[in-house]
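Put chain B on the given structure of chain A with help from the hints.
Residue numbers (numbering that gives the first Met the number 0), protein chains in the order written: chain A, 0 to 155; chain B, 0 to 282.
Since the hints were made in silico from the structure, they are not lab data. One or more of the hints may lead you astray.
Said to hold, decoys possible - Result set (BS3-like, lysine-lysine): computed pairs, CA atoms no more than 27 Å apart in a straight line:
(1) B/K202 <-> B/K169
(2) B/K68 <-> B/K93
(3) B/K58 <-> B/K26
(4) B/K202 <-> B/K238
(5) B/K21 <-> A/K1
(6) A/K1 <-> B/K68
(7) B/K93 <-> A/K110
(8) A/K1 <-> B/K58
(9) B/K93 <-> B/K4
(10) B/K4 <-> B/K39
(11) A/K13 <-> B/K4
(12) A/K13 <-> A/K1
(13) B/K68 <-> B/K39
(14) A/K13 <-> B/K39
(15) B/K4 <-> B/K26
(16) B/K68 <-> B/K26
(17) A/K1 <-> B/K202
(18) B/K238 <-> B/K276
(19) B/K264 <-> B/K238
(20) B/K93 <-> B/K39
(21) B/K21 <-> B/K58
(22) B/K276 <-> B/K169
(23) A/K1 <-> B/K39
(24) B/K58 <-> B/K93
(25) B/K4 <-> B/K68
(26) B/K264 <-> A/K13
(27) B/K93 <-> B/K276
(28) A/K110 <-> A/K9
(29) A/K110 <-> B/K58
(30) B/K68 <-> B/K169
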Amino acid sequence: MKVSITVNGKAYTKDVEPRTLLTDFVREHIGLTGTNIGCDTSQCGACTVHMDGMAVKACTVLAVQADGSDVTTIEGLASGGELHPMQNAFWNEHGLQCGYCTPGMIMSSVKLVENNPDITEDEIRHGLEGNICRCTGYQNIIRSIQAGAAAMGGGD
Amino acid sequence: MYPPKFDYHRAGSVEEALAMRKEHDGKFLAGGHSLIPVMKLRLADPGCLVDISRIDNLKGICPDGDTVKIGALTTHAMVASSGEVPEALPEAAKMIGDPMVRNRGTVGGNVAHADPASDLPTVLTALGASMQITGEDGSRSVGADDFFTDLFETVLGEDELLTGVTVPAKTAGTGTAYAKLPNPASRYAIVGAAASISVADGKCTAASVAIGGLLPATTRANAVEAALVGQEMTDANIKAAAAAIADSLGDDVMGDIHASADYRKAMAPVMIARAVKTAVGRA
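One chain only, chain A, in its complex shape (with noise of 0.2 Å):
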């Protein structure tokens, strides 16, 4: 079946078998592997994306249920040669240690801060209840996400 979904502001047209995940569409039909597949089952949020404005986890949504959509991966979140600034606050804060869970944590936390501008630490906690690190570096994650928050125009 024939798609068009708009990746990173790039429109693709693929034919691809109703079962693709979007995963899999973003990975091995266009190319783009900073989208990681962790645990394959809608609870470590490693392949979170964003679909039309939405912090969505592309392992469980059908490529041809986002037909039509707008999509942004990891690599969709610099512009012009700049990092986001929530990726230079996990670089400056050191928000990772082995970097699998890192694109998964930074598409979520950037949703999180752009619909919380002024969000707490608590509200970070609750929020990355879908987002799974298995370095147990929490600690500085959450530091990068205030950091982020901050530069993002809200935060502490």
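For chain B alone, kept in the frame of chain A given last:
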């Protein structure tokens, strides 16, 4: 992890969805946050999916006099942020999954899937919600009490589509609440209790209490309700009334690696008392 192969059809209206389902012997797909995971696990293998997610008139929350209609495609995120529905509903919706799951998962999909550990069936049962169902031969309305029949089983026929859920509007003097003991990893309910309590002069004048998570299907706690009505809503009276659940759980209490049947039975009155107390505070 791919789901099994299936044919895909996208419906633009309820009528088209019903016709497509019948022609292709398909299964309805809404947000897919119950169906896609079970397909990946090969617990479901429908040869055809009829995507109803673009039927716009099934989305949204519409107050209508003393009731509120919640379209089947309304997401948990929309319910979680709604001030128009009784408090227990947004309270429960906020506990479902995580922000990304709530952005995609729908009320209709959740209710039709009828997972015994899900939150909304318990809340809707306590609220006295009615399920709006459309089939080839017209529409019908089924009370939540009668809708959930067994483990992942409802009264929905193969040729019927759940189009929405109707709940009572918020009423002065009545408070609603949901209390859940969640599985720490999945956040599904080990035990969930919902209550709708009417209070006048400190006494309970009407009570509707439902319990889920530990039985194959959510159920009303009739003995607890009877024990609440007429009582002053003190902590001691609420606790005593909640204890009445023990005799009405029967032999169907489920245990698994996450929580034994005995543990769930012990937690049932605790969750009920919490829900009732919070509901009384909101009445």
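Verification of the supplied hints:
no., hint, in the structure
1, B/K202 <-> B/K169, "holds (19 Å)"
2, B/K68 <-> B/K93, "holds (19 Å)"
3, B/K58 <-> B/K26, "holds (19 Å)"
4, B/K202 <-> B/K238, "holds (15 Å)"
5, B/K21 <-> A/K1, "holds (24 Å)"
6, A/K1 <-> B/K68, "violated (35 Å)"
7, B/K93 <-> A/K110, "holds (17 Å)"
8, A/K1 <-> B/K58, "holds (26 Å)"
9, B/K93 <-> B/K4, "violated (33 Å)"
10, B/K4 <-> B/K39, "holds (10 Å)"
11, A/K13 <-> B/K4, "holds (18 Å)"
12, A/K13 <-> A/K1, "holds (6 Å)"
13, B/K68 <-> B/K39, "violated (32 Å)"
14, A/K13 <-> B/K39, "holds (23 Å)"
15, B/K4 <-> B/K26, "holds (13 Å)"
16, B/K68 <-> B/K26, "holds (24 Å)"
17, A/K1 <-> B/K202, "violated (62 Å)"
18, B/K238 <-> B/K276, "holds (9 Å)"
19, B/K264 <-> B/K238, "holds (15 Å)"
20, B/K93 <-> B/K39, "holds (26 Å)"
21, B/K21 <-> B/K58, "holds (23 Å)"
22, B/K276 <-> B/K169, "holds (17 Å)"
23, A/K1 <-> B/K39, "holds (22 Å)"
24, B/K58 <-> B/K93, "holds (18 Å)"
25, B/K4 <-> B/K68, "violated (35 Å)"
26, B/K264 <-> A/K13, "violated (52 Å)"
27, B/K93 <-> B/K276, "holds (19 Å)"
28, A/K110 <-> A/K9, "holds (21 Å)"
29, A/K110 <-> B/K58, "holds (22 Å)"
30, B/K68 <-> B/K169, "holds (13 Å)"
Comparing the model with each numbered hint stated earlier shows that hints 6, 9, 13, 17, 25, 26 do not hold.
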